[in-house]
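Please build the complete structure, drawing on both the sequences and the hints.
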Amino acid sequence: MSAQERKTSDISVTLSGLKLDNPIIPASGTFGFGEEFAQLYDINVLGSFSFKGTTREKRFGNPTPRIAECEGGMLNSVGLANPGIDEVIGEELPALRKIFKKPVVANISGFSIDEYAYNCERIDKEDGVGIIEVNISCPNVHDGGLAFGTSPESAAAVTKAVKAVTAKPVYMKLSPNVTDIASIAKACEEAGADGLSLINTLMGMRIDIKTGRHILANKTGGMSGPCIFPLAVRMVYQVYDAVKIPIIGMGGVSSARDVIELMYAGATAVEVGAANLVDPYVCPKIIEELPKLCAELGIEKLTDIIGKAHR
Amino acid sequence: MKKDFMQTAVITSNVQIAKATFEMKLDCDATAVTAPGQFINIDVPGYFLRRPISVCDAEERTLTIIYKVVGQGTDAMSRMSAGTELNILTGLGNGFDPERSKGRALLVGGGCGVAPLYMLAKKLVRLGRAVDAVLGFNTKDEIFLENDLLNLNDLYEFGCEGFDEAYYASEIYDKETQPDKDRLQRGSKPEVRVAVTTVDGSYGIKGFVTDAIAQMYGTGSEGNDLVPYYYACGPLPMLRALKKSVGNRGELSLEERMGCGFGACVGCSVKTTKGFKKVCADGPVFPAAEVLEEV
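Note that the protein sequences, when read in sequence, are chains A and B. For the first sequence, the positions run 1 to 311 when the working numbering is used. For the second sequence, the positions run 1001 to 1295 when the working numbering is used.
Since the hints were made in silico from the structure, they are not lab data. Any given hint might turn out to be false.
Under the rule of at most 25 Å between Cα atoms (straight-line distance), these lysine-lysine pairs were calculated in the BS3-like manner [claimed, not checked]:
no. : chain 1 : residue 1 : chain 2 : residue 2
1   : A       : K101      : B       : K1003
2   : B       : K1003     : A       : K285
3   : A       : K98       : B       : K1206
4   : A       : K98       : A       : K168
Keep in mind the model is a prediction, meaning the values are calculated, not measured.
Take a look at the structure:
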């Protein structure tokens, strides 16, 4: 059977030995712990999903308003609002396992190297967790990770500390708010990271011209949505050149076309973030569309195109 | 799974009813809205985030919203013509609980917050409640829904969906403050009374909704039993003043800038006496005792 005659293409991918039916992973902070979306569709169609960034303590996050809009996207200054690691392990994960049967991506954050290690060690023992995604790039909390993700030394220090206490694959989530993302990616790889997730949101600001004041109570917020997509493509491309470990690409992805583009740049799997908030059905739509688009483009196996833009 | 959560709605009318205030009627399955005070989230072409707007009325295939033009997105909405299709998420949030009131209910709205009180008043009338509505505006040009609320007296039969005989026979029934049981019977003409306040005194009672409530019930002291169970929607300063003057025997609808409108992004969190809650999914309506407290 020739490529043209194929009705469906193979869209499965593998991340550090973990086979995903498809590369689509809703991004942390846009999917909660899955409960809201499970009321809308069977979330088991997803490759996986990355749950809400978890810290040691329960957090309200920043004061409101913490949502603003921009052309082609949005800004948020939620600031790692989450129930804390005890409640996540005690309540959220048991509830999650009832609605999601596949391994989940555990997004972990922290305010010190000790806290990262503590949270990762706790979550490492959870059966339902397939990958630990370590957020060293939250732009909304002072010293809430971004500091760790902005220098190769501190990024490596977190990676080492986390790797020492975990057996599961560890993916470091990188910030785009840096001058040289490739050097940080390399530092994480050398420190033992199994993979990388990028990009987190871009730090931005909006001012209400009627009042002359910041719209976000936190003044700055992380920008996401289709407007940052080209930046994500560029950074995934640069990082792919710098490291050998797999990349989960993200940043403004909202269609099957975007998924293919980011995979050409070097992503093995793709997270979908802000798009979930405006179209709650966007992930199943992309998953349905992907094999058709692959067939149209003559792609037999989706994994064949990973990083193929590098030539 | 939630049915009819996302729908294509067709605008059947979109008209200005007061200063910068528009009423839009949508043809869609309106039965997804099950409680007054719920909202819809509208995809406005050209804008990334949806616009959350409270439901003014929902009957079978007609969903009515009243919105104020506050920015570019709502301005774009105000220029949409009949026949335009809109993608909406509907039946969002938890609304008011009409069953909580007895005999008489007090409805308090400020500015655009008046909108959801229409569906609530209609439901209350059908459930056999007398309704006192206090509507607060800045100035005369902004007033809307006053006549629509009064018209409920002619449109519906009192208690057609239920009439609590036991309540009127009970000891809680207070002849001084509660509706006249000899006049208000199942099927009788309802009793909807409306008071309007304007800050500048250009119409109705000069001042704030709390001034009108003090006049109507003779007092403004907290926890006064003469003030019926209340339902309120409006700006935060109004809700705070209301809690301070009449206490916590009621429900408040909160407003916050939202990302998704269905609980996914945690953008619109609020601290309550029962922990952190999402305005969009746990609210927007909360028991008054649980919110706007120091926690």
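Each hint tested on the structure:
Between K101(A) and K1003(B), the direct Cα distance comes to roughly 23 Å. Compliance with the 25 Å bound is thereby established for this hinted pair. Using a Cα cut-off of 25 Å, the hinted pair K1003(B) and K285(A) holds, with the two alpha carbons roughly 17 Å apart. In summary, the hint linking K98(A) to K1206(B) is not supported, as the alpha carbons are separated by about 57 Å, beyond the 25 Å threshold. At roughly 22 Å between alpha-carbon atoms, K98(A) and K168(A) fall within 25 Å of each other, so this suggested pair holds.
In summary, the structure is inconsistent with hint 3 from the numbered list given earlier, while agreeing with all the others.
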